[in-house]
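Everything in the sequence shown is counted per this note's numbering, starting at 1 for the first residue and increasing by one.
Just so you know, these hints were derived from the structure itself, not from any lab. Among these hints, one or two may not hold up.
[To be verified] The list that follows gives simulated cross-link-like pairs (lysine-lysine, DSSO-like), each with its CA atoms no further than 30 Å apart:
id : residue 1 : residue 2
1  : 501       : 39
2  : 362       : 319
3  : 311       : 362
4  : 362       : 504
5  : 143       : 176
6  : 362       : 243
7  : 311       : 243
8  : 143       : 362
9  : 176       : 243
10 : 504       : 143
11 : 176       : 362
12 : 143       : 39
13 : 243       : 143
14 : 176       : 311
[Claimed, not checked] Ranges of calculated distance between the beta carbons of each label pair, as one might list FRET restraints:
id : residue 1 : residue 2 : range
15 : 44        : 159       : 39 to 49 Å
16 : 502       : 25        : 15 to 25 Å
17 : 368       : 436       : 18 to 28 Å
18 : 236       : 373       : 47 to 57 Å
19 : 363       : 327       : 20 to 30 Å
Beta carbons: idealized from backbone N, C-alpha and C, even for Gly.
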Amino acid sequence: MVNFSAQTHLPPDADEVTLGEVNFELLTLRGPQDPNVNKYVRAEGVLYPHIVVPYDVCQPARAVPIQRPLGLKNAPVAVKPWWESKLENVPLWKIGDLIQYGLNMAEEFIEPFKNSFLQPTVELPTDQKSHSPVKAYSWHPYKQMFAVAHRMDVVYVYDMNSEAWFPQGLTHEFQKNITCLEWKPNAGATLAVGTNNGVCLWRLFLDFGEGVAQDPLTATTVPSVPCARESEGARPAWMNFLKYPGHTHISSLSWDPSGQYLATGSAADGSVLIWDVALESAVPLRRIGGGVVTMAWSPNGAYLCVAHTNKVIRIWETKTWESRTLPNLGGLPKSICWSPDSRNLLYSIQGEAIIHIIHLVKPAPFLDFQTSAPQDLTEFSTQTASGSVLTVGGPIRQLALDQTGERLIVSFDGDAEGSELLAIFLVRPTSWLGDTNPLMPSGFIRGPCWGIGEAHSEVESNPKAVTMQFANQFSRGSLLSVCWENGKIGFIPFYFTSESKLRKSNDGLRGW
């Protein structure tokens, strides 16, 4: 069991908010006059604002232009009633063939209704009922920019450098029941959005409007997401729709590091597709049963990890597409993440308070791995600096490992007072298989409270983290973003020098 009592920082009190980490010290804030503000500023720390995503937004009034769907090369764009476009293509065959053609057309017409009304409702066991307006979140691979999916199935893009929203919300009739989204690597601004019926592939022109920017050193919020009336005259984004027969209820997607391939998983039938977006084609992997919970491509592109609802995690090697399952899961996979060197996989099981670690012994194409000692985060009681008693730890909701591999953040399920805290671990990258524990508890992150008049402010517990993710690029350590239940997106920087940078620096000194 992880010894939380050995942590260097006590949990924050209920009236505190975590500011960030400076040289292994966690700084919290009680108000604008808190002395930690000066301490943080002297260390050249940036006071990031909380970005507010409202619970309700106005829907854009005009449609976004759409190209023909990828993967459906012969399907016309629906610009006419369905029967008119079909009649134009009816060949002059004999009557028997004409009847058969009509039956085929009828089946094609009925199929969407079968998918809508006759299929059972698909809901992953890992789904959490949340009060948050945010459904999904994704950092851009190399820009200080992120995309956020609203509960009303509109995607908004925010640029942190210009402190402005992309002037147009991304919405379309095909974009219903958003479950996931992710930016394409090695591309200017291409965003894949997973939905019930397929994947919306957006291409954006990064022309951010000149909104009312606020001083990031003093602002606590930024302007709300843009409405349609604010984006009139904006250059439109373009969307292609990726659809494959039977591949519905997209529950997870992941780009390979090159940006050439997109993996998508279905919660309905467990199918996994590998899309070559440039060729407008998809190849299904061997189906193993169980809906897809989540998936993640390794940072080096050599492996694709897929978690299924039938209590299976399968690792695919992406050259030969051979695969191997992780043994003895004993439960439903909940969260997975790779270490930056692609040699270690961390995962958690629904309802368990354990971090499992798999170490790949040999490089690809081999699939030999060893299991490291599990890290038990069972609930325990502790005190804050003021003496308040909290219960921390418990069943794991999500794992997030930063781009250096040296900071791990864990969020928790449960209703105990203190379950809204996020646990911080310092990671020893060289100790995954050694006798030394690779994870050292460092402290906890506390987010904002419910505001007066906010939706669901009557809820007794403080807002929990709906999702969290580290920025892919941050020169002074790592930057964590957290989407809280109350619609606020907070940013917690960790200022430190990574082990890899120290190693390069020492090598440079030896060269002199």
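Taking the hints in turn, this is what the structure says about them:
no., hint, verdict
1, 501 - 39, "holds (25 Å)"
2, 362 - 319, "holds (15 Å)"
3, 311 - 362, "holds (25 Å)"
4, 362 - 504, "holds (25 Å)"
5, 143 - 176, "holds (27 Å)"
6, 362 - 243, "violated (36 Å)"
7, 311 - 243, "holds (27 Å)"
8, 143 - 362, "violated (33 Å)"
9, 176 - 243, "holds (14 Å)"
10, 504 - 143, "holds (24 Å)"
11, 176 - 362, "violated (42 Å)"
12, 143 - 39, "holds (28 Å)"
13, 243 - 143, "holds (29 Å)"
14, 176 - 311, "holds (28 Å)"
15, 44 - 159: 39 to 49 Å, "violated (22 Å)"
16, 502 - 25: 15 to 25 Å, "holds (18 Å)"
17, 368 - 436: 18 to 28 Å, "holds (23 Å)"
18, 236 - 373: 47 to 57 Å, "holds (53 Å)"
19, 363 - 327: 20 to 30 Å, "holds (21 Å)"
Consistency note: the structure conflicts with the earlier hints numbered 6, 8, 11 and 15.
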